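Number of protein chains: 2
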Amino acid sequence: MGSLPLDASSSVRPLDPEAFAGDSHAVVEFLAEYYRDVDKFPVRAADLEPGRLRKLLPNSAPEHGEPLEEVLEDVRRDILPGLTHWQSPSFFAYFPMNASAAGFAGEMLSVGLNVVPFLWAASPAAAELETVVVDWMGKLLGLPSRLLFSGGGGGVLQGSTCEAVVCTLTAARDRALAKLGHEAILKLVVYASDQTHATFQKGARIVGIPPSNFRVIPTSAASGYGLPAGAVRVAVERDAAAGFVPLYLCATVGTTGLGAVDPVRELGEVARRHGMWLHVDAAYAGSAAVCPEFREYLQDGAELADSVSMNPHKWFLTNNDCCCLWVASTAALTSALSTDPEYLKNVGTTTTGNKPAAIDYKDWQISLSRRFRAIKLWVVLRRYGAAGLRAHIRRHVTAAKWFERAVAADERFEVVVPRKFSLVCFRLRPSRLAGNDAMNDAVNRELLTAVNGTGRAFMTHFVVDGKFVIRLAIGGAMTDMQHVMDVWDLLQGKADEVLQRYQL
Amino acid sequence: MGSLPLDASSSVRPLDPEAFAGDSHAVVEFLAEYYRDVDKFPVRAADLEPGRLRKLLPNSAPEHGEPLEEVLEDVRRDILPGLTHWQSPSFFAYFPMNASAAGFAGEMLSVGLNVVPFLWAASPAAAELETVVVDWMGKLLGLPSRLLFSGGGGGVLQGSTCEAVVCTLTAARDRALAKLGHEAILKLVVYASDQTHATFQKGARIVGIPPSNFRVIPTSAASGYGLPAGAVRVAVERDAAAGFVPLYLCATVGTTGLGAVDPVRELGEVARRHGMWLHVDAAYAGSAAVCPEFREYLQDGAELADSVSMNPHKWFLTNNDCCCLWVASTAALTSALSTDPEYLKNVGTTTTGNKPAAIDYKDWQISLSRRFRAIKLWVVLRRYGAAGLRAHIRRHVTAAKWFERAVAADERFEVVVPRKFSLVCFRLRPSRLAGNDAMNDAVNRELLTAVNGTGRAFMTHFVVDGKFVIRLAIGGAMTDMQHVMDVWDLLQGKADEVLQRYQL
Chain Y
1 MGSLPLDASS
11 SVRPLDPEAF
21 AGDSHAVVEF
31 LAEYYRDVDK
41 FPVRAADLEP
51 GRLRKLLPNS
61 APEHGEPLEE
71 VLEDVRRDIL
81 PGLTHWQSPS
91 FFAYFPMNAS
101 AAGFAGEMLS
111 VGLNVVPFLW
121 AASPAAAELE
131 TVVVDWMGKL
141 LGLPSRLLFS
151 GGGGGVLQGS
161 TCEAVVCTLT
171 AARDRALAKL
181 GHEAILKLVV
191 YASDQTHATF
201 QKGARIVGIP
211 PSNFRVIPTS
221 AASGYGLPAG
231 AVRVAVERDA
241 AAGFVPLYLC
251 ATVGTTGLGA
261 VDPVRELGEV
271 ARRHGMWLHV
281 DAAYAGSAAV
291 CPEFREYLQD
301 GAELADSVSM
311 NPHKWFLTNN
321 DCCCLWVAST
331 AALTSALSTD
341 PEYLKNVGTT
351 TTGNKPAAID
361 YKDWQISLSR
371 RFRAIKLWVV
381 LRRYGAAGLR
391 AHIRRHVTAA
401 KWFERAVAAD
411 ERFEVVVPRK
421 FSLVCFRLRP
431 SRLAGNDAMN
441 DAVNRELLTA
451 VNGTGRAFMT
461 HFVVDGKFVI
471 RLAIGGAMTD
481 MQHVMDVWDL
491 LQGKADEVLQ
501 RYQL
Chain V
1 MGSLPLDASS
11 SVRPLDPEAF
21 AGDSHAVVEF
31 LAEYYRDVDK
41 FPVRAADLEP
51 GRLRKLLPNS
61 APEHGEPLEE
71 VLEDVRRDIL
81 PGLTHWQSPS
91 FFAYFPMNAS
101 AAGFAGEMLS
111 VGLNVVPFLW
121 AASPAAAELE
131 TVVVDWMGKL
141 LGLPSRLLFS
151 GGGGGVLQGS
161 TCEAVVCTLT
171 AARDRALAKL
181 GHEAILKLVV
191 YASDQTHATF
201 QKGARIVGIP
211 PSNFRVIPTS
221 AASGYGLPAG
231 AVRVAVERDA
241 AAGFVPLYLC
251 ATVGTTGLGA
261 VDPVRELGEV
271 ARRHGMWLHV
281 DAAYAGSAAV
291 CPEFREYLQD
301 GAELADSVSM
311 NPHKWFLTNN
321 DCCCLWVAST
331 AALTSALSTD
341 PEYLKNVGTT
351 TTGNKPAAID
361 YKDWQISLSR
371 RFRAIKLWVV
381 LRRYGAAGLR
391 AHIRRHVTAA
401 KWFERAVAAD
411 ERFEVVVPRK
421 FSLVCFRLRP
431 SRLAGNDAMN
441 DAVNRELLTA
451 VNGTGRAFMT
461 HFVVDGKFVI
471 RLAIGGAMTD
481 MQHVMDVWDL
491 LQGKADEVLQ
501 RYQL
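In the order they appear, the protein sequences are chains Y and V. Quick note: the first sequence uses my numbering, first residue 1, plus one each step. Quick note: the second sequence uses my numbering, first residue 1, plus one each step.
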């Protein structure tokens, strides 16, 4: 069929196996060095100005390719000093975002194979591994079988809780609108607590729920900042009486601010009674359910949930991103999110008959394209096993207990809310500031700024009942007891300085 | 401060640098071997049954960790044979999903550093690199400066076009509802062609646009299956007259089915006149704009666009996932998608004053958490340079031209729509079947099944004007002229067999 045309570009061989291996080995060494040295960086460089990196880099991409060594040198010189080092063992901010050797290996397989399991046919083993691994996870965490494929439900790996919330809100909304007509969208109401993650409100907004139909139920210290089911019931009944349609209730196991736990069973009963979708967001604390001693929070009432989500990418040694979403009714999800254009019609979806159904995961999420996340989570579960993952969780809980006791034993401090997992919320409360809330907040802000300013640790804050609270979220893959002891030493030293400055 | 408590789990060291390096090097070798051998696998195993992998794997996660070698051996034995091999040089289905040594290296850096640039402060250099790299990309593709940070707009890296569509639809919707009130959501209308990707309809549904307000404008061979601006204008005027609110128009440069190009400038003028948001989806063909000879499709009229998206993860050597989204009004996007809970308040966002603003990318996307995709795209641009990327694109376009000519020169076949990029749409059209459309379709279905059944290539189909069409989407990182010549030989041989069977 004719000769090869002249091809000036035959030198482009972007997947040459030897060149690939050479470059990739160099990056592995670069990262190993980074992990060896990560505790030498300021956890968060305190003196950065927005725009610093932009000034260092050229205004446009290079015309010609550059050697990997130069790229890595630029990462070392220009980028690393400007990062906040989430893998530092002294990173205690937000929630942990675990990296691990197994998570990395799994992600490398995902990225290297680079298959796209949006349809079963588009990569059968990738889609099926996902069904296997979400069942494995559900069993490990003690979820009821109705949320697992093996029990008639099913799961999917998404990128974030936000995605999971948007998908389940869409499913709940369309289930309601199918009965009521689309104009009822103006009447749909969703419920959460004042501790629920902001992503829920954003998700509700994205799917078109009127912002004025977003009910925020107050919590208090009396319920440990959990969402009181009685208050939800009152709100729901009031809305129903006013002609609104209660749609969706979001319960959280391990809130972002304080690690609070909502009473899933009681909330589930309210949801059932009013035909609402109950979603349980266990983004952070869901990982702890791998340990029997933490399982009840998620398990008690989970059989009333329409959906449950948790993030192995937080505290479960699975590099970002990976969010497990389980649903009791897979049809509710897929009937809201399915599309069936001609260019995606394929054997798997059209000839299953009474054989096991092929899963087309495009109908379980927002996007069509997706990554082979299942292999990452599968490698993590294989490499560490349930026992290793329990040990990982317990190591941090042990450290958090120790820290909580240390804080409680220091009369200058107080623990603001009893710790449940590995998040400790505390503040300075010098006795001479009793009654002076503004000054007390100022002292705590100053303490946090002073500690973070050293670069030797990074923590973030929260405000509850008007009080400024410091959060120590323990969970880094390299974080162990010594780092927690060190940060307590640091906190005590800076507390001395701040209190002295305020003459307290 | 007391002694270390007993910690039975001190053996869990998931980021030990030496163990990390050892495992990661092993995975690199595994993948290099995979790339060496990928053309020995059937591109798509034709005889797989749904449920095969599930039967091979245990029902639950192991209690104890297992060696990496065992895991990799299971990947080799159980998983690889069940994959569709998107990196095979003979994968011509859907659109390409490029892997490359640089894309992999960049993703390794992203995954290894595992920082989360949702806020500027949460990893300043990561957020800033993203602003730099989206400007680099925009300049490379010839986008107008109003879509770049350097010209008052800005960009973000998301996971998929679907996400970009949901975000921009939300922005457009909320801009309209801010004026009209939320009840106007029932009146909002969106427009696309019958060739627009199904993800647009799904996105519109997710954000709460009534499905009955989704207008599908027919295309035809006369316009090369591009969306006729005149027909859009008629539809928009009819809707406006009927009290609807024209909201959003999606134009595509390089449709999924046929690679058609909508007339962006003319559509932009209609959109402007009626106050609609114009989004340009260049998911696949946007990559070609790196070459001046393909730039006009995207460039001509792009200054009228409110947003443009394209996927470096398709044909731009950037491993999945990576979608560039540029917007002219960053405020429209962020005012629809921003949240500002207490636990995310931080220095960068509150003290910029008249310094360069810090970008909090959480307000540019659906999710809060996100990956450091910028470093991946940056490594690709650095390693290959504009010249290398042009050569990559031209190599495939050259091969597509050759294939198109070969098809046209064979009287048994026809090219269904003139090729613009690297997608060739063709079919068997034996003269004796003239007028017998059903039989002609059957012959083509059979040809596609026969070719895919060999495992030596994988293509997918499309249906246009009722005709079954075979798509050859050229673009794999390892695909070169020889593979295209081979698939043409294969097609000719199978065509002989099929036509003989039908006695044609």
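These are computed hints drawn from the structure, not numbers from a lab. Bear in mind that the values here come from a model prediction, so they are computed numbers and not experimental data. There's no promise every hint is true.
Because identical chains cannot be distinguished in the list, a pair is counted as satisfied if it fits within a single copy or across any two copies.
Taking lysine-lysine pairs in the PhoX-like style, the calculated list, with each CA pair at most 25 Å apart, reads [claimed, not checked]: (1) K139 - K420; (2) K55 - K139; (3) K345 - K467; (4) K139 - K401; (5) K401 - K55; (6) K401 - K179; (7) K467 - K40; (8) K467 - K420.
Same-copy or cross-copy closeness of K467 to K40 [CA-CA at most 25 Å]: neither (33 Å within a copy, 64 Å between copies)
K139 and K401: within-copy, between-copy, both or neither at 25 Å Cα: neither (27 Å within a copy, 53 Å between copies)
Identical-chain pair category, K401 with K179, by Cα at 25 Å: neither (50 Å within a copy, 52 Å between copies)
Within, between, both or neither, where K345 and K467 count as close if Cα-Cα is 25 Å or less: This pair counts as between: shortest inter-copy Cα distance 15 Å, intra-copy 56 Å.
K467 and K420: within-copy, between-copy, both or neither at 25 Å Cα: within (20 Å within a copy, 62 Å between copies)
25 Å Cα threshold - placement of K139 relative to K55: between (50 Å within a copy, 17 Å between copies)
Intra- versus inter-copy proximity for K420 and K139 (alpha-carbon distance at most 25 Å): within (22 Å within a copy, 51 Å between copies)
Alpha-carbon proximity between K401 and K55, which holds within one copy, between copies, both or neither at 25 Å: Neither: 45 Å inside a copy, 43 Å across copies.
Violation of the numbered hints given earlier is confined to hints 4, 5, 6 and 7; the remaining hints are satisfied by the structure.
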